[in-house]
Structure formats: C-alpha cells, structure tokens
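All chains should be built: construct the whole structure from the sequences, respecting the hints.
Going left to right, the sequence shown walks through residues 125 to 323 as my numbering numbers them.
Simulated from the structure, these hints should not be mistaken for lab results. Do not take every clue at face value.
[What the hints assert, rightly or not] With a Cα cut of at most 20 Å, we get these calculated EDC-like pairs of lysine to aspartate or glutamate: (1) K252 <-> E319; (2) K250 <-> E319; (3) K176 <-> E319; (4) K142 <-> D214; (5) K148 <-> D285; (6) K142 <-> D285; (7) K142 <-> E211; (8) K246 <-> E319.
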Amino acid sequence: MAIAFVVCLITSNLFATKVFALGKLTLPAAVIIFPVAYILNDCLAEVWGFRKARFVIWTAFAMNFLVVILGQVAVWLPAASFWDGAEHFDYMFNMAPRVALASLLAFLAGSLLNAFIMTKMKQAQKGKGFPVRAIVSSVAGESLDSLIFMPIAFWGAGFSDLAKMMLVQVTFKVCYEIVILPVTAAVVARLKITEAETA
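Here it is as structure tokens:
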C-alpha cells in the first residue's frame, strides 16, 4: 500500500504538467491518479493510525524529490543530434521542480490534515462510521491541497481560471472518492481483519 502511495504521488506530479479540457472545464491530468493517493491515505490512517500514515507521506516525498533530481540530471545531459524529443522532455522535467514544490507544500498540508481528521474522528466515533470520516477528511484535505497547489504550480494563470480549476478539481476528487468508497471500505475491513490475525 505504501509503494502504491509513492507511485501515485510521483505519477500525479508528472501528470500535473499537462492540463486537459472537458468542454469548458480544465483540469491537470493528475486528477486521474491523484485521488487514489487520498484513498490510500484514508486506508493507512484508518488501519495503522496517523503516525504510520505520516511516515508513508514523508517517504513518498523523499522518493518524489529523488525523481525530480534525477529528472534534472537527465535534462542537463546533451541530447543526441537525431533525437527530436528534447524540447518536450525538458519542458516536463523543467516544470517538475515547481510542481514538486507545490505538491510538497500542498500534499503535506492536505494529507496530514486528512490523516489527522480521519484519526480524530475515528477516536470520537469509537471506530464506527468509516464512510463519513473518509468523506469529511477528504473534503478538508483536498480543499487545502488545491488551495496551496494550484497557485504555485500554475503561477501566471488568471485568478478566474485558477479558481475554476480549483473548484472543479476538488469536486472531481471528492466525487471520485465517494464513487469508490464501497471498495475502500471493503479494503479497510479486510485489512483490519488481516492485522488482527497477524497481531
């Protein structure tokens, strides 16, 4: 689960360099994978607690910055004369450090808030009501994430465009999580049984 979380984070940061349009709506391509990271975060916090979830979050960011550093090394290497992909490759990986910084600030704040709310609500609800706390914690975490990420990653875009992208992104991610919630709940229930059996 931790490995999947790391892959989702790194992939979403690379995908964020592309913005696509659905009619009049525009979104970074990261939305196709990024919500999975929050679902995994919910599972980690619910089953293993805030401390373990926090450790996985920090590990994911260490790996993300390793990819960014290696990407910069690849950009600096002289391109072969016959290769015509240098401009596109350089564009993606030159943007990656800014996206990584935006993601670091946003996802740390959003994920930690998500895991913190999930854990506190679990204590208050005495372990019951997972669907409610999964949604509430995700709305809070995703909203904070977008408020921090969008202005940094897409600096220079108009305020109106940014506001629309943020609203659409948060709505999309939360709806995504609600649709997949039955699967998430089933995974969490199974993990709890497995953990109890191996304890």
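Quick rundown of the hints versus the structure:
no.	hint	verdict
1	K252 <-> E319	holds (17 Å)
2	K250 <-> E319	holds (18 Å)
3	K176 <-> E319	holds (14 Å)
4	K142 <-> D214	holds (14 Å)
5	K148 <-> D285	holds (11 Å)
6	K142 <-> D285	holds (15 Å)
7	K142 <-> E211	holds (15 Å)
8	K246 <-> E319	holds (17 Å)
Comparing the model with each earlier hint shows no violations; every hint is respected.
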